[in-house]
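On the provided structure of chain A, position chains B and C as indicated by the hints.
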Amino acid sequence: MKSLAIWTEGLVKFYSDVKAVDELSLSVPRGVAYGFLGRNGAGKTSTIRMLLGLTKLTAGNGAVLGYKVGREQVAILERTAFVGENKILYGNLTARELTRFTRGFYPSWSDDACAKYSRLFEIPMDRSFSKLSQGNRTKTCLLLALSQRADLVILDEPTVGLDPVAVDALLRILVEDVIGAGRTVFISSHNLSDVEQIADWIGVIDQGKLLLEAKLDDVKSTFRLVTASGNGLPQTRFADVLSVTSVGKFSRYLVKHDADIFVAKLSREGAIIAEVSPVGLREIFLELVQKEDTCTSGNAGGKPALNSLLGS
Amino acid sequence: MYFWKCWRETRAQFIAGLVVFVAVCSFFTIPVAKFGSPEMMKTGVSPSVAQAWSSAIRMVLGGWGGTLILICGLVLGSAGLGKEFDKQTVGFLFTRPRRRRYWVWVGWSAGVFELAIIALVGVGLTSGLLTFLTGHFYTWRVLAAFLGLTVGGAVSYSLTYFMAVVTRSGLQGLGYAMGILFVAILVPGMTAHFWRIYLPSLWDFMDTTCEWAAAVVSSFPFSVLILWSIVALAFPLAAQALVERADV
Amino acid sequence: MLIHVNSASGVPAYLQIETQVKHYVAAGALEPDDPMPSVRKLAADLRVSPNTVARAYQDLERDGVLRTVPGGRTYVADISPGLLKSEKIRRLRPYARQIAVEGKQLRLDPLEIIQLVRQEVDALEEVDEKLGNLDRRAR
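Line order of the protein sequences matches chains A, B and C.
Mind the numbering: the first sequence is residues 1 to 312 in this note's numbering, read in order.
Mind the numbering: the second sequence is residues 1001 to 1248 in this note's numbering, read in order.
Mind the numbering: the third sequence is residues 2001 to 2139 in this note's numbering, read in order.
If you are wondering where the hints come from, they were derived from the structure by calculation, not from laboratory data.
Do not rely on the hints blindly, as some may be mistaken.
[To be verified] Interface residues of chain A toward chain B, partial, derived using beta-carbon atoms under 7 angstroms:
id, residue
1, L54
2, N86
3, F105
All C-beta atoms, glycine included, are put in the ideal place defined by N, C-alpha and C.
Just chain A, same shape as in the assembly (with noise of 0.2 angstroms):
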């Protein structure tokens, strides 16, 4: 655990009776970038939340950086960065101020990125906080966060109110400065695309539970989208079969791995295939986060509902 920038195990939350996360467990490598997807309100900011102690854990472990979630949360803090959600500072402090004020909190705080961050991200540095746009306070925080040049950056929807020249920026500076000096990036997000840029691990959430954890580019290599048309084609998720889309006699398998195999076996069963294609980001998200409802739990022995809509 020790190996790892981030590390939970069953971990939950709830919100009164609500659950906001469900066992969810993750590993998160030292010196790579990690997306951290999920719809809004899947749990990623609660999640979030709990590794840097602003709320307690209902059940389960975490660890960061190898210090224990709960009981050691200064010496967590003191080497995590962190832009949050709502990206609020204080309204009447200027920039400057606000790097004055920050500074003093980390020992690794350096005051030449600070200088060159606030260059590239064109921050008007004494105007106050309130009277900024949106996108000059993210980048505030953003400066804030980068300038501590801490161990594990965490980043929850950073790209909020930015043009996408700043987004540049932004991904220059993490992959240059932040993973290319082998420190850690989490990057919680729905807009995938920025995340695909740059992630080397992505983990998938949805309604509190880890759908997927994975190295990106081994989801690229395996991950393959089938159709194939055919009667009697199974409907259910099994094993590498992640997902099941059906439209009359035609389905959509995502697969985890070997696909050819399972190509091989539904020809053997007498199916027709009509494609069989490499999958980006965006689709396997989709096909994980919104199947989720059709299809849920599905292992052998359920009936599911598509097989009536396959009859009809």
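The following block gives chains B and C in isolation, referenced to the frame of chain A:
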């Protein structure tokens, strides 16, 4: 750092409080020292040195100053840690690497520090003017007035600070604190007036310290000073207990 | 050197980098001993994770396309004439299989599949020829 930030964010209120306090002290001290208390004014006798000191400290510092420092405490308390919750900056603050109790106590002490400065300047100005007019200086009277004002202000400040944390809102905290303070001053006044039951009263406390400062009648009211100091400290302690368990 | 990574495609970014570098070498746009940018530099230029670039470089090195000198700098390798033909074929076989499988699935004629590969090889040679012409004109 957090101390600096608290100072930076409340310096406008602090300066306003200071200016009003200084204005009141410089405006009222000279006539009161010259003509004494209203009773003496009626008789037309000019007050002695001791009388000039006692009436000035009681009326200017005890009366006007006491009211003002209570108001300063309310205003500064509502700008304390509780305001971070409704301004939604608390998520940022609590992810800086310090224990929660650090924020509670540093934030609290910044306000007490400001109140002490206001009291110090006010008491210093009044006693300075009195020394100039009478050629005398009463060290213990000045010290007692300063302690009384600071602790009295700290009580109203700590109460507001705590209520703002409880309600997670500076403004709501201010409202509740004003209500509580009003009752806390009114009730002991009424019980004493109608039933001769003497409850500890913040108002009396500040009056007592200043009264003691005015005329050395009895021993210095250490017990009340300690009592009210404990009250002032109990609020941030309670706030700490709350904040350490708070979900942000 | 200009490399483009389309992160939205289903092809892993490290594979895209590998393919492009191989293509540049095959087309003669990169020559032996040409220096390659550092992993961090290329990653920063492409806005992809340095781990991705590192993986591409590792694979390319293993395939004999790049070489890293002590000190960490990376150069385009001499195309080793010593590489055994059987080894070359071993490396290419998975791609051939992929083409065969996909072609079969799309119900293409075996001849059509072979022709497709033929066309790609021709296209590369055409590039070579054009480059040669340019060279001659330049002289």
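Quick rundown of the hints versus the structure:
no.	hint	in the structure
1	L54	holds, 4 angstroms
2	N86	holds, 6 angstroms
3	F105	holds, 5 angstroms
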